[in-house]
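Input sequences plus hints: build the corresponding full structure.
Number of protein chains: 4
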Amino acid sequence: MTHEAFRGVFPYLVSPIDEHGGVRETVLARLVNDLIDAGVHGLTPLGSTGEFAYLNREQRRRIVQVVVEAARGRVPVVAGVAATTISDAVEQVKAYDALGASGILGILEAYFPIAEDGVVSYFSAMAGATALPVVLYTNPQFQRSDLTLPAIERLAKLPNIRYLKDASSDTGRLLSIINAVGDRIRVFSASAHIPACVMLIGGVGWMAGPACVVPRQSVQLYDLCHAARWDDAMRLQRKLWRMNRVFAKYNLAACIKGGLELQGYDVGAPLPPQTPPSDAGRAEVRDVLAALGALEPAGATG
Amino acid sequence: MTHEAFRGVFPYLVSPIDEHGGVRETVLARLVNDLIDAGVHGLTPLGSTGEFAYLNREQRRRIVQVVVEAARGRVPVVAGVAATTISDAVEQVKAYDALGASGILGILEAYFPIAEDGVVSYFSAMAGATALPVVLYTNPQFQRSDLTLPAIERLAKLPNIRYLKDASSDTGRLLSIINAVGDRIRVFSASAHIPACVMLIGGVGWMAGPACVVPRQSVQLYDLCHAARWDDAMRLQRKLWRMNRVFAKYNLAACIKGGLELQGYDVGAPLPPQTPPSDAGRAEVRDVLAALGALEPAGATG
Amino acid sequence: MTHEAFRGVFPYLVSPIDEHGGVRETVLARLVNDLIDAGVHGLTPLGSTGEFAYLNREQRRRIVQVVVEAARGRVPVVAGVAATTISDAVEQVKAYDALGASGILGILEAYFPIAEDGVVSYFSAMAGATALPVVLYTNPQFQRSDLTLPAIERLAKLPNIRYLKDASSDTGRLLSIINAVGDRIRVFSASAHIPACVMLIGGVGWMAGPACVVPRQSVQLYDLCHAARWDDAMRLQRKLWRMNRVFAKYNLAACIKGGLELQGYDVGAPLPPQTPPSDAGRAEVRDVLAALGALEPAGATG
Amino acid sequence: MTHEAFRGVFPYLVSPIDEHGGVRETVLARLVNDLIDAGVHGLTPLGSTGEFAYLNREQRRRIVQVVVEAARGRVPVVAGVAATTISDAVEQVKAYDALGASGILGILEAYFPIAEDGVVSYFSAMAGATALPVVLYTNPQFQRSDLTLPAIERLAKLPNIRYLKDASSDTGRLLSIINAVGDRIRVFSASAHIPACVMLIGGVGWMAGPACVVPRQSVQLYDLCHAARWDDAMRLQRKLWRMNRVFAKYNLAACIKGGLELQGYDVGAPLPPQTPPSDAGRAEVRDVLAALGALEPAGATG
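Residue numbers (this note's numbering), protein chains in the order written: chain X, 1 to 302; chain U, 1 to 302; chain C, 1 to 302; chain S, 1 to 302.
Possibly wrong hints are sitting among the right ones.
You can't tell identical chains apart in this list, so a pair holds if it fits in one copy or across any two.
[What the hints assert, rightly or not] Restricting the straight-line Cα-Cα distance to at most 30 angstroms, the calculated cross-link-like pairs of lysine-lysine (DSBU-like) are:
no., residue 1, residue 2
1, K239, K94
2, K249, K239
3, K157, K94
4, K94, K249
Because the hints were derived from the structure by calculation, they are not lab data.
Listed below in structure tokens is the structure:
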């Protein structure tokens, strides 16, 4: 499925799994539909919030399949591919491409530290296995490897490596990347950056878990930034930021799943031994959602 | 000396020391004068770039005295106070107050990790020792303690704790601080944040070493941000950012001293065993300054 | 298969994989046989050195099966189980138990930080899924969670959690564990500890990659420690330590595989994007093996 | 004052300071005398436990003077010298040499990360400023620089750099150092290593805060290790280790001062904003000392 250049708000979807390991397909499809109705510009299954690290091959594939089918081509679906080996990454890329994904979010898991040549060969192999656009994902907090600026510059030469999503909290790093490869790579923010700041410096949107529970507000923020109405954008940003911080305090997946449960989506808890949000965490999520007028499902008043 | 509320560009001054441990007073006074001519809004001796950690009591006092005298009340002088004990901090505060400083930049050095009550008592004692406004300095990278948000909220209740300068690279942290205490504490950026972003989210300026070598450009950036001319601001910010990153690659003091030497200020090298910038480092600094039209002294074409 | 209490030298086996993802069974079986001939007291497939993080379900199972079959009950086979979810861990435990493993080395992989209750529930579920003895594996360097002393004390109450292998470099931590639960849990060293020291403080052996390439010398060291011939033990330990440090400099799996290749075992390189040892790394491994008289296969000369 | 080669138990002395910043000389002299009576082999003022980072120039000098005078040449006094600049370090070395110290414990404080050449020049200048033997102090936890093995090898060539004290918890690192320079540098343990293990691998003793409160037991442990009575040594070591761990849980200086207070030494609290031990901490220290029969002053019963 071809799409225009990716831009805007891409919620990181949660992965609802039942007690037998099956995908809760109905609620996932309903969430997809509601988010699209709320105006999001794309969808990203199998990001951090999507618990990619906790799902097996079959569960991952089924998640991608359900999301693609529910999206019905209305917005691009950028599927996360996370692996430790090149062979596993390539296999996932091909599978999700065949399932109809619109793009690939490339994540490198590492157990042993890995040399830069290895990092580059991993993402190159991934890009070589598909004609879909690839989003480089860099997360110095969770991965044991990182994409250095020289590695990004090498990868930017590949024709279908066209986006980057940075999950650090170092916004200056994004400006350095934009300065270096901004003509070839478009940059998305993640939830630890202030989206309005990333838009100011030249970013094109954000891929983040919180957009699952506040999609309308997120799209509104994007529109204000895109229109360069910075004062209005900051007023909204300031309110939305409280939510990013609440979510940062807890396990991302637990909190987004907890927030969706509060909104009436029966997505369940994160996979054990992860634990559901504590009562205090749940109360804090509820407070923040209430303050943002987001205790109803995204699709409630579409 | 009373001043209006602090805002704008406050260069972190270097500390020029001769081979006998004396302060190179002439060059320091000349730098102060040139920076004021270039339009900076204030001056900050004894920050990180000022090598506070490498100077003894007498050197620190003499630095403050020379800067205050050279400034002649034209701009506020906010002197850095760094100590491990409350008694040493209080002694420094009183000394710099008596020397005519306009404000105090409070820095906590810690050897053993320190409990939050200890952190709060340290800054409270500092604020209690003077009527001058106090700037809280927080630098998770260099100090072994940090100012948590709850600690900042407690300190914000003291009448003369009115500013905060954050030296992390986590810009989102600043927005959380502004959300929590923005009505009582004004926030300055440091060199690891993108100044334009900090201005966008509600900051009032920046305190940083690079402004020593690019004062005019820094003031211009501040003016553009202050006027909400964000597109123009970002064009300039993007160019200036290259400099922040070059300086971040090397020892801050070594690089700013190296840059000033290139501009004709005989400020010398950082104190041994710190080493002067390498040839490669010096070349990189020269390139960046040349690209910014900043190879002449700040006061050259005032 | 029942065995006496585990003690002594348990090499962490490498996982030889061919270019199609198949297990190189012949060389793995030969290595198993040679190590047993060299006197090792047990075998541990699927530890860090065994690249568990890089293998899929089928590869892992086949590795365990080949090792169990080649061992023919002569020494216990303790299979590594690493997972992020309880369900995956339990499935692996049951599979390796059914394949004839003599014990389970329990490893917790985490993507998000995990609360202590979650950690305890993970290992408890693992122990509950088998009657085999379980070895707790703790590695603060590679895992994003760690087994605290209180968690270990809770787990020590389960009847078949009977061993612990610590992969930190903090030997004092082991003495604290022995002080706390030494009557119920026996402690194995890993390659970052000095095995002779761990034996001195009450350990019962070590599980480590280097023993793959110097099995005879490792067994000799164990025998000297066991006999409390500490002077002789330290003479040998000092020589063997050089090897632990060479291996610590490089990717563990790359180095052990590289060393085995030098000895004539065609185990191949670590899985891409991991890279084979550099020429310098290979030369350093060769020097160390030569100094230890270990450039021949383990089984070459009895 | 000349002494035989340093070996054995060197307590890190606390620095008792009164509310006016003066040294509590009587109690410090009494502690020195009691520790010597208890059999310690040397004394180390101005280590971490001695709060060197919290004392000014005059306080440091007075501490050294009081300790040297109270020791009356009965045991060597190795004074800690900690500085960020070479000039300050050299000044301290000369001062403590003139005051009659028997050796210098060299500590490098760093604010900015420092290149290896700078590290080597710092310790070289220190060694060049005195004829006294110098102990290299390396503490990766508290300093922002560390002594790498290549740096240690360069420094070992200087004639009066003859000892090293390592404050990491990585005992294997000590064996690597002994393997590399053991013929020229003798190695002391610190409180995070298990002293018996360091003795086993070739160490000559330990410099540590806990020996202030359990000097007799520490000397007994040393004697057992020195006599290669490892079984007896480990029995005692196991009991003593509980104390090292209690002290590691809290601010070192707070705990040793708290323990000495319990023994009747009026050494006061650590300098503010450090806080005295909590009630729980104090109770835990009391329990451990009671279990070791160490609630009386060291000198109480010869």
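Legend entry - Violating hint indices (sorted, rising): 1 and 4
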